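Engineer: Residues per chain are reported as follows:
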Amino acid sequence: MAEPGKIDPMYQFEVQPIAHLFDIAGLPVMLTNSAVWMLVTGLALWLFMLGGMKQQLVPGRWQVAVESLTGFISSMLTQNIGPEGRKYTPYVFSLFMFILFANLLGLLPLGLIGISPFTITSHLAFTGILALVSFSIVLVVGFWRHGLHFFSLFVPHGTPLPMIPVIAPIEFVSFMVRPFSLGLRLFVAMTAGHVLLKVLAGFVINASNAGVGYGLTVGLASFVLMVGISALEILVAGIQAYVFALLTSLYINDAENLH
Amino acid sequence: MDAEAAKMIGAGLAAVGAGLASLGVGNVFAKFLEGALRNPAAADGQQGRLFIGFAAAELLGLLAFVVAMILLFVV
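These protein sequences, in sequence, are chains A and B.
Going by the numbering used here, the first residue of the first sequence is number 1, and it counts up by one from there.
Going by the numbering used here, the first residue of the second sequence is number 1001, and it counts up by one from there.
Check each hint, because a few of them may be wrong.
What the hints assert, rightly or not - Which bits of chain B does chain A cover? Going by a derived footprint, with three or more residues having C-beta under 8 Å, they are:
1. 1048–1059
2. 1062–1068
Claimed, not checked - Just so you have them, the derived chain B footprint on chain A, three or more residues with Cβ under 8 Å:
3. 21–33
4. 38–45
5. 76–83
6. 176–185
Treat the hints as calculated values from the structure; they're not laboratory data.
As the structure is a computational prediction, the values presented were derived from the model and not from experiment.
For each residue, glycine too, the CB sits at the ideal point set by N, CA and C.
Could you put the whole structure together from the sequences, leaning on the hints where they help?
Structural biologist: This is the structure we're talking about:
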């Protein structure tokens, strides 16, 4: 797509093999930059939790940070699902923290020291799997607790009888679209933000190359905008992780309590 | 009009959808703030609903972005 001399904003999303691990049925299994960043995210999350789970009587700052996050998620679950929502805290908390760490690590300006950061949440393959896991939990919990009565989810309480043939297909479609919209939202929000940042970075570089006049007008304005957008992206990273966890808890609520 | 030009125009038109979704997202937060200033005591309990509304409005703008990206890089 990009001609030489142009800055390609899509290059940052390319999955590149780093090392050849082993073969499965003749197909090579590679260690990619995506896998490396997943491991880095997991490691960062593990270290963060390790530092805060000392359970001191008088908590330090780190412990307060971890405990306020766990408290935030468990209160969100009790608020949305009710008292039986607490048993989903481990899953929703891991989901929230992993997405949050993945989003934030992808935003780190590591290009300054020559490492190109890779945002794993900017790939549908990753977010789609997370969404499918959430959706499978909803299905398993729903059928486990309510059996075939779970299908009454498609007929909201109090629907007039003549309306059922209309409402039920609409509810069914809106239920089946959930994993797609859940995965797509996170993936597109992260992709769009990173493309925007790289396009603006391209403006800065090309304007600076074109001369001092362009560099001071177009380049500087783009750079200031980039700083602002970076701050916005940190906000979006948090909001998208929160929205993913929130919608997961709402869907689990449907499975637990029907509606 | 050749296919390449039509693709570019289509991707540009998809930006209209993204812009309209920005109106929607702004509306969600504006109405929330309006209500929250009238009854600040009830505002904190409704933040979950605020973000559900935000997510629903935002998704449609993101879909417009997906359409543009598909037109530019996939088709």
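Engineer: Of all the hints numbered above, which does this structure not satisfy? Sort the numbers upward.
Structural biologist: 3, 4
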